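A.B. asks: Using this note's numbering, the final residue of the sequence shown is 578, and nothing's skipped along the way.
Treat each hint with caution, since some may be false.
As the list claims (entries may be wrong) - Label pairs and their in silico Cβ distance ranges:
1. Gly418 x Thr508: 34 to 42 Å
2. Asp561 x Ser464: 41 to 49 Å
3. Arg520 x Glu479: 30 to 38 Å
4. Gln547 x Val449: 14 to 22 Å
5. Val537 x Leu422: 14 to 22 Å
6. Asp561 x Gly440: 27 to 35 Å
7. His427 x Thr470: 18 to 26 Å
8. Pro527 x Ala476: 44 to 52 Å
9. Glu531 x Asp421: 29 to 37 Å
10. Gly481 x Thr506: 33 to 41 Å
11. Ala437 x Ala558: 34 to 42 Å
12. Asp469 x Arg520: 30 to 38 Å
13. Pro454 x Thr556: 22 to 30 Å
Hints listed in this document are in silico derivations from the structure and should not be mistaken for laboratory results.
Note that this is a predicted model, so its numbers are computed, not measured.
Quick reminder that beta carbons are idealized off the backbone N, C-alpha and C, glycines included.
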Amino acid sequence: MTAYALTVDAGARDLRAADHLLHALADRLALPGDTVGCTHLVRDGRPRVVVSLSLPSAPLLDTVRERLAAGEYGAVSAGLPDPSGHAVLYPGASRLTGTLTVAELLERSAIDRVTVLGSPLPPEPDTRMVTRDHVRPQWQGGALVLAATPALGDTLVPFEAPDPTPCCADH
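Use the sequences and the hints to build the structure in full.
C.D. replies: Structure follows, in structure tokens:
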């Protein structure tokens, strides 16, 4: 993560809306590929999802802050809301499609390591990862870590599903 960061609070109520906001900001602001965009859950009196942008330089941070000053995308504040956001935009994210080995996933992206839920050991480098074209690692101790779960055929899938069922969907 970088010292050149800002947070945008557009009042998004779910992760899907926050993901879309990050992609819209990246397109609208023509953000460079080394930008990291994360979602962060806010659990205060008004639960929501805010997004953060970590940028590669102070001049770019100033430019982005100025372009967002109009408030079209919500309130902008300096810094990160917390150190553990889920990365949506990060170097190499667009290259994580289809089925890859763990080694390929790490080589192609800014992800530092993969963990498997329920296992104390990391996966073998040749373990196949079915990305579902939705790979959202989380910052943990300054490293981007992808949590994965075992799947059919001795494969792994990212823990975060691309189309989660909303809580209480049947009510």
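A.B. asks: Does the Cβ pair Ala437, Ala558 satisfy 34 to 42 Å?
C.D. replies: For Ala437 and Ala558 the Cβ distance comes to about 36 Å; the hint holds.
A.B. asks: Range hint 44 to 52 Å: satisfied by the CB atoms of Pro527 and Ala476?
C.D. replies: 48 Å, holds
A.B. asks: Using the beta carbons of Asp561 and Gly440, state whether their distance is inside 27 to 35 Å or not.
C.D. replies: Once the Cβ atoms are compared, 33 Å apart, the range 27 to 35 Å for Gly440 and Asp561 holds.
A.B. asks: Evaluate the given range 22 to 30 Å for the C-beta pair formed by Pro454 and Thr556.
C.D. replies: 26 Å, holds
A.B. asks: For the pair Gly418 and Thr508, does the Cβ-Cβ distance stay inside 34 to 42 Å?
C.D. replies: Once the Cβ atoms are compared, 40 Å apart, the range 34 to 42 Å for Thr508 and Gly418 holds.
A.B. asks: Take the C-beta atom of Gln547 and the C-beta atom of Val449, compute their distance, and say whether it sits inside 14 to 22 Å.
C.D. replies: 19 Å, holds
A.B. asks: Can you let me know if the beta-carbon spacing of Asp469 and Arg520 is within 30 to 38 Å?
C.D. replies: Distance hint for Asp469, Arg520 holds at roughly 33 Å.
A.B. asks: Verify the CB-CB distance for Asp561 and Ser464 against the hinted window 41 to 49 Å.
C.D. replies: Roughly 43 Å apart at Cβ, these two residues keep to the hinted range, so it holds.
A.B. asks: Within 29 to 37 Å: is that where the Cβ-Cβ distance between Glu531 and Asp421 falls?
C.D. replies: Since the Cβ atoms of Glu531 and Asp421 sit about 35 Å apart, the hinted range of 29 to 37 Å holds.
A.B. asks: How does the Cβ-Cβ distance of Val537 and Leu422 compare with 14 to 22 Å: does it lie in that range?
C.D. replies: Distance hint for Val537, Leu422 holds at roughly 20 Å.
A.B. asks: Given the hint of 30 to 38 Å, check if Arg520 and Glu479 actually sit that far apart at their C-beta atoms.
C.D. replies: 37 Å, holds
A.B. asks: Regarding Gly481 and Thr506, is the given constraint of 33 to 41 Å on their beta-carbon distance met?
C.D. replies: 37 Å, holds
In the structure shown, no violation is registered for any of the earlier numbered hints.
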